[in-house]
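Read top to bottom, the protein sequences are chains A and B.
Using the working numbering, the first residue of the first sequence is number 1, and each one after it goes up by one.
Using the working numbering, the first residue of the second sequence is number 1, and each one after it goes up by one.
Where hints are given, some of them may not hold.
Chain B is faced by these chain A residues, among others (derived, beta-carbon under 10 angstroms) [what the hints assert, rightly or not]:
hint : residue
1    : 59
2    : 107
3    : 112
FRET-style restraints, in silico, Cβ to Cβ [claimed, not checked]:
hint : chain 1 : residue 1 : chain 2 : residue 2 : range
4    : A       : 208       : B       : 274       : 17 to 27 angstroms
5    : A       : 133       : B       : 390       : 29 to 39 angstroms
6    : B       : 334       : A       : 126       : 51 to 61 angstroms
7    : B       : 22        : A       : 208       : 51 to 61 angstroms
8    : B       : 22        : A       : 196       : 28 to 38 angstroms
Don't read these hints as lab results, they were simulated from the structure.
Don't be surprised by glycine CBs; every beta carbon is placed ideally from N, CA and C.
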Amino acid sequence: MSDAIVLSASDLRREYHMGDELVRAVRGVSLDVIRGDYVAIVGPSGCGKSTMLNLLGGIDRPSGGTVTINGARVDRMRDGEATRFRLHNIGFVFQRFYLMPALTAMENVELPMAEAKKLDGEDRLHRARELLAYVGLGSRRDHRPAQLSGGEQQRVAIARALANKPQILLADEPTGELDAKTGTDMIELLAQVNRDGTTIIVVTHDEELARAARRVVHMRDGVVVDDHRQDAQ
Amino acid sequence: MLLRLAWATLSRHRTRTLLAILGVAVSAAMLLDMVMLSTGMRASFKELLSIRGFQLRIAPKGTMPFDTDATIPDVSDVVRTLRAMPDVGTISPVLGGQLHVQVGERAVTAATIGADPTVQGDYEIVEGRLPGAPNDVVASEDFLTATGLRIGDTLSAAAGYDAQLRSFAGRRTLTMVGRAHFLYMAAGQLIVSVPLSTLQEMQGSRSLDRASLIMIRARDGASVDAVLEQIKAALPRVSAVSIETAMLQVDKRLSYFRQLAFILGAVSLAVGFLLVTTLVTVSVNERLGEIVVMRAIGVARQRIVLQIVLEGVAIMVAGALSGLALGLVTARYLDSILSSFPGLPAAMHFFVFEARDAWMALGLLTVAGILAGVYPSWRGASLPIAVTLREEAVA
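Isolated chain A (complex conformation) (with noise of 0.2 angstroms):
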């Protein structure tokens, strides 16, 4: 692992309006991710961790501080820049999955490269073969969401999120929706990921996901309470 820093946040800070109550998410966060890493984000519900994560991926504005990815100011693009930096640099995996439905696995892997089009159809598919091998669907490649369980779902999302090789790959709660076993093979998978080279940030209440981490940040009423480095197991 170098010790480059991929990601970094400063004083990061998140506010809005719900009703006539002015909510202060995440409030002045600052955090240094280096390539390779692989951090978990806990908290209890409702700390600012997903709108943290949410911040760092450029799918929401900051209300104030800065992110900045392999030196490009995500807080400052604008949303046609901030879209095509996320196609090429970030991974994203949600807890509810959320493939399109109407897609086979095979689909629902090739769309974030046929958005980039930096591969013709023919590598697009063997590409997305390989990646629905690398998460273990090999022989689901050609079933629908609705065909497929919680857990090999999740897999195709993984997979998905990896489509464009991003460096970084962001996880809300991955392991939410799945029971304690599937749980724990999407963990394993997560690991190997982070392994093969991708810089990971997942938020979880899932303390066994957390302890896969290498480094463990508590967030509490949007700011970070402790921040350490572990042996991940």
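Given the coordinates of chain A, work out where chain B should sit on it, guided by the hints.
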């Protein structure tokens, strides 16, 4: 990939999509019918006038051909004047009237055309031959059926009935020489044709040297408009119209038809538009999570707009194509009803299919499909990603 995704999204709710396509098809059929109606009657009328190549018609002053019972007096003088014009080719004076034919105990009355058989533009011989002698007559199929007469039979006919004297001006024994298809006759109408001089004589003094109408063909290469102007200048006591000027009159008389067709066509288009907008909006609302995740993973906003618009267009185009077939079937049915109106030439059509009508209907529906996708696509593409994901998670 976008096409595949749009198609797959529509296929996901097959019944709903099929019902929407069916709705659009009905709307498209209506639109096509209205476009056909707005242009068809005019096109059909023009074709009818042009069918035998007569470009000009002369009618009694202030009337349109066969608009009234009025006739042109001293028609031989008019014909002489016309023959003196170098650009006038064929001249066919026509007299309208009625023949009363005694068939056993009953009398059958038939509309009658008196015309020079060699240059007339009113009928085509289907069987037999043109009248060659003064007492020859040709008749429509319906007349032959109604009277039981056949080619070669003779018939006793009378014309020029005077209601006060209760007598006919002329009686003749005519020989049936042919069965003819009359171009301007109404469906089921009993009609015969005899030579012009025969009808003039049979109808008595009131028809001598008179014609209801004179049909004229200009010589090849001559300007019809120039001939028209010459006739107007030389014969101020008659009304001369070319097909084009007749069409202007027709346009005025049919303007309400076109307005009606335009309004009903616009309503059909609006219904189709609202149907597709509603369907696509519902579809977008059902997959807000999917849409924002597409944006999160890097799919550009304009691609999402395009995909949603494609869904609307796909429904519209599928509906339009089905609707075109449906429209042709309904147009044929409606045309058969309208064409059987009493007094209208059977060859007259209200709905005439022209490829450009189909293209116009398809084009309008495609544009409506694009517009139908604008609101839902704008809504889908402008969703804030983080907020929507949070709301989806809560939901």
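Against the structure, the hints:
no. : hint                               : result
1   : 59                                 : holds (4 angstroms)
2   : 107                                : holds (7 angstroms)
3   : 112                                : holds (5 angstroms)
4   : A:208 to B:274: 17 to 27 angstroms : violated (53 angstroms)
5   : A:133 to B:390: 29 to 39 angstroms : holds (34 angstroms)
6   : B:334 to A:126: 51 to 61 angstroms : holds (57 angstroms)
7   : B:22 to A:208: 51 to 61 angstroms  : holds (53 angstroms)
8   : B:22 to A:196: 28 to 38 angstroms  : violated (51 angstroms)
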